[in-house]
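**Q** In order, the protein sequence lines correspond to chains A and B. Here the first sequence is numbered in our numbering, starting from 1 and rising by one per residue. Here the second sequence is numbered in our numbering, starting from 327 and rising by one per residue.
Everything labelled a hint here was simulated from the structure, so no lab data went into it.
Label-pair distances were calculated between CB atoms; the ranges are:
(1) Tyr474(B) / Gly146(A): 35 to 45 Å
(2) Phe525(B) / Arg136(A): 44 to 54 Å
(3) Lys338(B) / Thr30(A): 38 to 48 Å
(4) Thr584(B) / Asp142(A): 45 to 55 Å
(5) Glu608(B) / Arg136(A): 29 to 39 Å
(6) Gly146(A) / Ala526(B): 31 to 41 Å
Cβ atoms here follow ideal geometry from the backbone N, Cα and C, with glycine treated the same way.
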Amino acid sequence: MTREFVGERGRLNEPSIQAVGLTKRYGSFTALDSLNLNVEGSKCVGFLGPNGAGKTTTLKLFTDLIRASSGEALVNGVNVHTRKKKALESVGTLIETPEIYPSLTPREALSMVAETRGVPAAERKKRIEDVVTEVRMDEWVDKRVGKFSKGMKQRINIAAALLSDPRIFLLDEPSTGLDPRGMSEVRDIVKSLKGKQRLIFMSSHLLSEVTDICDEVAMIDHGKLLVYDTLSNVTSRFSGGENIVEVGFLRPLDGGVNGRIASGVPGVTSAERVDDRTLRIRFNGGASTQERLLSNLVGMNLGVISYKPASSALEDVYLSLIKDTK
Amino acid sequence: MIRVNSTEVASKNQVPGSLTQVGVTMKYTFLDYLRSRRFFILLVIVLLISAILTIVVGYYRPASFLTSGLSFYSSWWGTSAVFLVALFGIFFGGDAISGEFQNRTGYFSLPHPIRRSSVYAGKWLAALLASSMILVVFTAITLGNGAYYFGMSVPYQFGESVLLAWFYLVAVLGFTFFFSSLFKSTSYSILVTAVLFLFAFNLIETLVANLVQIEPWFILTYGAQIIGSVLSTEYPAHTTTVRGFGPNGPTLTLYNATIPEGLAIIAAYFIVTAALGLILFERKEFT
Chain A
1 MTREFVGERG RLNEPSIQAV GLTKRYGSFT ALDSLNLNVE GSKCVGFLGP
51 NGAGKTTTLK LFTDLIRASS GEALVNGVNV HTRKKKALES VGTLIETPEI
101 YPSLTPREAL SMVAETRGVP AAERKKRIED VVTEVRMDEW VDKRVGKFSK
151 GMKQRINIAA ALLSDPRIFL LDEPSTGLDP RGMSEVRDIV KSLKGKQRLI
201 FMSSHLLSEV TDICDEVAMI DHGKLLVYDT LSNVTSRFSG GENIVEVGFL
251 RPLDGGVNGR IASGVPGVTS AERVDDRTLR IRFNGGASTQ ERLLSNLVGM
301 NLGVISYKPA SSALEDVYLS LIKDTK
Chain B
327 MIRVNSTEVA SKNQVPGSLT QVGVTMKYTF LDYLRSRRFF ILLVIVLLIS
377 AILTIVVGYY RPASFLTSGL SFYSSWWGTS AVFLVALFGI FFGGDAISGE
427 FQNRTGYFSL PHPIRRSSVY AGKWLAALLA SSMILVVFTA ITLGNGAYYF
477 GMSVPYQFGE SVLLAWFYLV AVLGFTFFFS SLFKSTSYSI LVTAVLFLFA
527 FNLIETLVAN LVQIEPWFIL TYGAQIIGSV LSTEYPAHTT TVRGFGPNGP
577 TLTLYNATIP EGLAIIAAYF IVTAALGLIL FERKEFT
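Work out the full structure: start from the sequences and follow the hints.
**A** Here it is as structure tokens:
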């Protein structure tokens with residue numbers, strides 16, 4: 001049996017964010033130009049574009065930090081500007097790099113967020129400790145924020161976004177200011193959120209990060225949406241139907257292996273050596289071809305130890321689309 | 327398969343009402359103020375002024391202070407309270423809202439299910455609470471000195487004056503929050519409020535009263551005169567005519583705000599500036 005509840009605007013079964021003709025102008029400059037975007041379901045969407053493309057403007061409109069010149073930003077069907085309290089009740093945000101009142105400790109700052117968001121008093125202490133542990137700031141939880149580095153503050157900001165266990169996350173370059181370890185930890189956090197059936201809408205400049213953790217990508221430039229689709233569709237659609245995977249091997253590969261793969265595995269158009277244990281394989285086809293390719297590679301007893309979509313494929317698409325709009 | 331509205335599935339969190347959120351913002355902003363350097367600077371200023379007055383009165387025993395209990399409170403409190411309240415406004419209100427933009431704390435406190443008006447009101451209440459605490463310290467020191475010279479009987483006019491000073495503080499904070507909402511730069515907002523309260527208002531009041539010869543009923547500091555006036559043995563007349571310098575000097579009319587007039591000015595300033603400040607903050611964008 002399927003029972004559906006109709007909410008503010010149509011179906012609200014899944015977490016959703018919608019931009020309906022969303023436009024933001026600053027005088028004669030149009031920062032966002034009639035953005036129409038409907039993101040629905042539990043997934044991670046990477047929001048890509050060059051500096052000044054309109055990524056942060058979009059996220060600010062979705063958190064009512066700025067007002068739209070026209071159009072609407074809806075969260076779960078609720079207009080963020082006219083009904084902010086309702087719209088943002090299940091949204092965790094990280095916009096730009098927020099500063100925290102310097103005299104407060106992370107525990108106090110997070111308590112403020114928890115109380116504002118109505119986290120039950122009985123759960124507050126544990127939730128704060130959990131999120132602080134998740135961002136690895138346990139040792140600093142009772143130290144004043146004023147002395148923290150940018151990276152440490154960013155970790156607390158991520159903790160604040162996680163605190164109320166929202167269903168939707170709006171993250172604006174969450175890895176900003178973090179060291180490589182911190183960036184990797186943020187990726188792990190986002191991956192774990194995906195496992196908890198959350199909708200994550202995340203702007204980023206790091207294509208490898210988006211390739212690693214996102215299911216879908218939206219690209220924007222000059223305030224206009226260029227493309228919004230699944231990662232594999234975007235890469236295949238804009239690279240002549242080709243997908244690229246990077247395959248890691250346990251042992252150094254012999255000289256003829258790329259030729260054997262290119263000619264012997266159906267769908268593969270080329271296999272180039274990245275280093276003596278890594279190959280970049282281009283192939284035509286979707287998920288089923290990928291599955292067959294992996295199965296064939298394993299069957300060749302080459303010692304496959306990793307297999308992932310290549311970020312360079314997304315990079316190629318990104319560069320081609322952004323260049324096209326110049 | 328049963329599918330339900332996401333907001334129903336969402337966590338057990340129950341976003342509190344706006345009044346509760348005002349309290350939350352107030353609590354944590356107050357905590358921030360209490361630990362801030364500005365709080366200690368103001369406390370040091372109050373202690374310094376109190377120490378200077380204590381030493382001067384104790385050593386020189388000026389007649390203006392020691393004629394009667396009322397003259398003591400008038401000289402001690404009447405001359406300092408208005409200045410201190412203006413300082414509280416500048417320190418706690420000057421950058422309260424502009425700081426949310428320039429220091430980027432607004433990116434932490436605002437993208438939540440909370441109305442901007444709740445943040446504004448919470449911050450205003452925190453500033454009022456922090457200022458009131460320091461005002462209480464100055465009141466206590468004044469009372470301590472008064473008790474030393476004139477015993478425990480405190481003239482009721484002092485109680486009135488303290489209450490009026492607190493009303494004035496309410497209006498000053500409303501006004502400084504309004505200016506703080508006008509600017510995104512903390513230095514501009516602090517500078518403008520400081521210049522207004524420490525120089526401009528007094529200058530305009532003097533010019534308007536002496537040159538234009540009209541009552542400066544539209545100036546907040548004119549209304550604040552009542553804080554000192556209630557401590558006079560006889561409440562000053564609303565208008566006094568004096569002759570200027572020389573045998574043919576011009577006739578000047580001096581104005582003194584009556585208590586209802588002073589209260590009306592203070593209340594009007596608070597209501598108008600609080601409303602305008604709130605509207606500005608609601609409309610201001612985090613660009």
